[in-house]
Amino acid sequence: MKALAAAAVALALLIALALLAPQWLVFMAMLALAKGVVVLGLVVLMRTGLVSFGQGLYFGIGAYAAALLSHQWHIADAAVMLLAAAAAGGLIAALLGLLLARYRDIFFAMLSLALSMILYGLLVKSAALGSTDGFNLHARTFFGMAFASGMERRVFLIAGSACAVVAALMVHRLLGRHWGRLASAVRDNELRVSYLGASPYRVVYVNYLIAGALAGFGGALAALAVGHVDPETTYWTTSGEFVFIAILGGTQSIIAPFVAAAIFEALRTIASQYAPNVWQMSLGLAMLAIIMFQPAGLWSLAERWRRSA
Amino acid sequence: MNAVLTAEGLKKSFGAVTAAANISLAFDANTVVSLIGANGAGKTTFLNMVTGYLKPDSGRIMFDRRNIVGLSPRQITKLGVSRSFQVPQLFQTLNVRDNLLIAESIAGAKDPQAATDAALARFALEPYGHQQAGLLPEGIRKLLDVAMALSSRSKLLLLDEPTSSVSADEKFAIMDVVMGAARAAGVTVIFVEHDMDIVARFAGRVVAFYDGGIIADGTPDTVLRADSVRRYVIGDEVPHAAA
Amino acid sequence: MSNILPVAFDGIAYGSWLFLMSAGLTLIYGVMRILNVAHGSLYALGAYAACSFASAWLNGGLPAAGSFGMLLLAAIVVGGLVGPLLERGLLQWMYGKDEVVLVLITYAVFLIMEDVIKLVWGVDSLLLPEPYALPGNFSLGGLAYPAYNLLLIGMALVTGLALVWALYRTRQGKLLLAVIHDREMSMAMGINVSRFYLATFTVGATLAALGGALTAPTVAVTPGIGVEVIVLAFAVVVIGGLGSLGGAALGALLVGLVRSATVRYWPEAELFSIYAVMAIVLIARPKGLFAAQEARKI
Ligand SMILES: Nc1ncnc2c1ncn2[C@@H]1O[C@H](COP(=O)(O)OP(=O)(O)OP(=O)(O)O)[C@@H](O)[C@H]1O
Ligand SMILES: [Mg+2]
Chain A
1 MKALAAAAVA LALLIALALL APQWLVFMAM LALAKGVVVL GLVVLMRTGL VSFGQGLYFG
61 IGAYAAALLS HQWHIADAAV MLLAAAAAGG LIAALLGLLL ARYRDIFFAM LSLALSMILY
121 GLLVKSAALG STDGFNLHAR TFFGMAFASG MERRVFLIAG SACAVVAALM VHRLLGRHWG
181 RLASAVRDNE LRVSYLGASP YRVVYVNYLI AGALAGFGGA LAALAVGHVD PETTYWTTSG
241 EFVFIAILGG TQSIIAPFVA AAIFEALRTI ASQYAPNVWQ MSLGLAMLAI IMFQPAGLWS
301 LAERWRRSA
Chain B
1 MNAVLTAEGL KKSFGAVTAA ANISLAFDAN TVVSLIGANG AGKTTFLNMV TGYLKPDSGR
61 IMFDRRNIVG LSPRQITKLG VSRSFQVPQL FQTLNVRDNL LIAESIAGAK DPQAATDAAL
121 ARFALEPYGH QQAGLLPEGI RKLLDVAMAL SSRSKLLLLD EPTSSVSADE KFAIMDVVMG
181 AARAAGVTVI FVEHDMDIVA RFAGRVVAFY DGGIIADGTP DTVLRADSVR RYVIGDEVPH
241 AAA
Chain C
1 MSNILPVAFD GIAYGSWLFL MSAGLTLIYG VMRILNVAHG SLYALGAYAA CSFASAWLNG
61 GLPAAGSFGM LLLAAIVVGG LVGPLLERGL LQWMYGKDEV VLVLITYAVF LIMEDVIKLV
121 WGVDSLLLPE PYALPGNFSL GGLAYPAYNL LLIGMALVTG LALVWALYRT RQGKLLLAVI
181 HDREMSMAMG INVSRFYLAT FTVGATLAAL GGALTAPTVA VTPGIGVEVI VLAFAVVVIG
241 GLGSLGGAAL GALLVGLVRS ATVRYWPEAE LFSIYAVMAI VLIARPKGLF AAQEARKI
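Chains as they are written, first to last, in this note's numbering: chain A, 1 to 309; chain B, 1 to 243; chain C, 1 to 298.
Don't read these hints as lab results, they were simulated from the structure.
Don't take each hint at face value.
Said to hold, decoys possible - Taking beta-carbon pairs under 8 Å as the criterion, some of the chain B residues facing chain A (in silico):
# : residue
1 : Lys78
2 : Gln89
3 : Gln92
4 : Thr93
5 : Met148
6 : Ser152
Positions of the beta carbon are idealized from the N, C-alpha and C atoms, including for glycine.
Bound-form chain A, shown alone:
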């Protein structure tokens, strides 16, 4: 019930923001939301003890899926794009997961990185998809409804928010139950999980699939915000950014990925204005500081503060 109330409040705030904020803020919020959803998936994986350095793969798949709908098939409906992107991400994850779910630790991290780089390599060289430049996409309707120009982005933000809130609630539900404990169990000791009669492989596989679908959705949302896709979406530095945001927020809460993504986007916007040359350095320093002093993520700070208050 508490979760439902929190979700309702978050959604109300996001809708207010979508309707009232200036365009640049709407744009920023869409990007933050998109990344928050990807990181939510990453958090599900991290609860299982796995870090993927290749979520850019699904982010890119989602973005390109949305863009291709508009570009190749002239389907300019945002709802179709978002759903198709999540489905595409989930589908590819369902395939690659069969392989990846066998790996752990650094091998899982590196193999997922390699798979994302394979897609990057394909995109960069594929002239039909615009090579390194990528191409533009246009979404004009939402479930067939058209809007005054200038309003589209606001509507897409509302739609994205609704989906993200529902997704976050579902993940919250899932992790709060046996499945969430089982994920922690796989992280702590797979041998014991097998010897209790459950399959660690299946747990990893399903969570990988969830992460893939969420990242696909995030990719489409980001593409809708930017109006453009390029291979950078699948590059390892994009994946690294997701890992960074996950570390920033920590894995203990379902809201943390979104808050962390918002902080990240805000800082990036400020940095690109005032200090473009030390942006990466600040990221690096922040990451070191978190790992050393706040390994559970910034969220745990907020928790402690709330408890002592």
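Fit chains B and C with the ligands to the given chain A structure using the hints.
Chains B and C with the ligands in isolation, oriented as in the chain A frame:
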């Protein structure tokens, strides 16, 4: 005779080391059997083969009239064989309650919370319910390991040194709790043990391992008194040793 | 048939370069269990330092052949300064952490160094064409090849042999092998593990810088040149088996040949082919070609 588990001609070697040299054993339902033997004799290897962690180089393992060689630990667990480990295999970052709750949920308990409460009580673990498993004293970790094994409502319970790394005065208390729970669950128990007092007190039958083979098998009285067992397992000076 | 020779030569040259990059990476992992993302930064630093050193040399009117010496000097200076700085100043406090966390820590270092490089050298490309042009071309079977690539191959051979000699023929090297084999045991035996970590990291850093310094004459040195290299080196090291020097050599050669063949016959698949090789190797041997596929003892 109603054997739950039958091993026939099990062989396993690791390079030059023979960990199992043609082992054949049958275990009857509702008995308590102890496996003894010096370090490296092949006791754990035997349990590993029975539970599918290691595949024997040759031989058969029949459980419930079915050859289980080649099945995975998970499949064998589901058939009704569960085990504890020499080094307890717990979910280190979770608390005792959650460890048991996961076990009960996987086992398909109708009401996992209630089943967990019952298990906590049965193993006298209530005072530790909210402590993190990784930080517990060894004796408690051993108990929790067994409690998790028993949650799967198996027919056969394998315990690998349930009292090792536990202080001498705690050993009997731990075994009392473990055996009480096992009896209540009606399982057949095979336990590996180095402490001969424990063996004599709790086992109805003793099997002595040496160098991958079996050198004695019978009641505690006869096996623990056999010369070969005293020399190769217990490490006594045997006065009139036959060369 | 006439295509085989250039493909092989290019592949071996590219593989040599990859080996220089991945030898240090795999060595550091083998000894310290750190998959060092900052290896890419050390590569970039080497390239930049090489530009600065060699340009200073050439602008001073000194004999052009000496610029090769400057490339080596740049690598040694970068490795000898930044390597110990990173190991003593940061990494030595992190040992024992989860391997994935260590990846994140070195990723953070990588991000920091990216900007440090921009602050020191600016964002414009640097060019250092002289050392590449100087030795000219040589011809083989009627085709001309850049002689500089021979230098690259030579450096890789020398480095590989030197590493093998140091590891298997010297006392210190044998001790290091003991550390790789079993750290706890080595510590218990009184081996000063911390000193070996420092030495290993410095050598690894120098090799990365050497890779960068030797690349500087062949490309425009721009911010971000370390970004792609690091993933490539990862791929090679993972193919060979983390921590295996022989594996890195074989992986480098394999990737080098596959790449030059695809560049020749199917240029669109260049990047794709490299990572596809890695994926295929890992599918067949989950821990790489030369790694022990051991099970946990319970
Ligand atoms: N996975 C393995 N790989 C290599 N050798 C092994 C493996 N498992 C066991 N061995 C070897 O097989 C022999 C028997 O080992 P096992 O663990 O079965 O002995 P044990 O009777 O359980 O001894 P302990 O009382 O010390 O637990 C030993 O020499 C051991 O080193
Ligand atoms: Mg044993």
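Hints versus structure:
Look at lysine 78 of chain B: its Cβ gets to within about 5 Å of chain A, closer than 8 Å, so that hint holds up. Using the Cβ-Cβ criterion of 8 Å, the hint placing glutamine 89 of chain B at the interface with chain A is satisfied: the shortest such distance is roughly 4 Å. Nearest Cβ of chain A to the Cβ of glutamine 92 of chain B: about 5 Å, under the 8 Å cut. The hint holds. Contact between threonine 93 of chain B and chain A, as hinted, is supported at the beta carbon level, the nearest pair being about 6 Å apart and thus within 8 Å.
Below 8 Å, beta-carbon pairs count as interface contacts, and methionine 148 of chain B has one with chain A at about 7 Å; its hint therefore holds. Look at serine 152 of chain B: its Cβ gets to within about 6 Å of chain A, closer than 8 Å, so that hint holds up.
The structure fails none of the hints (numbered hints given earlier).
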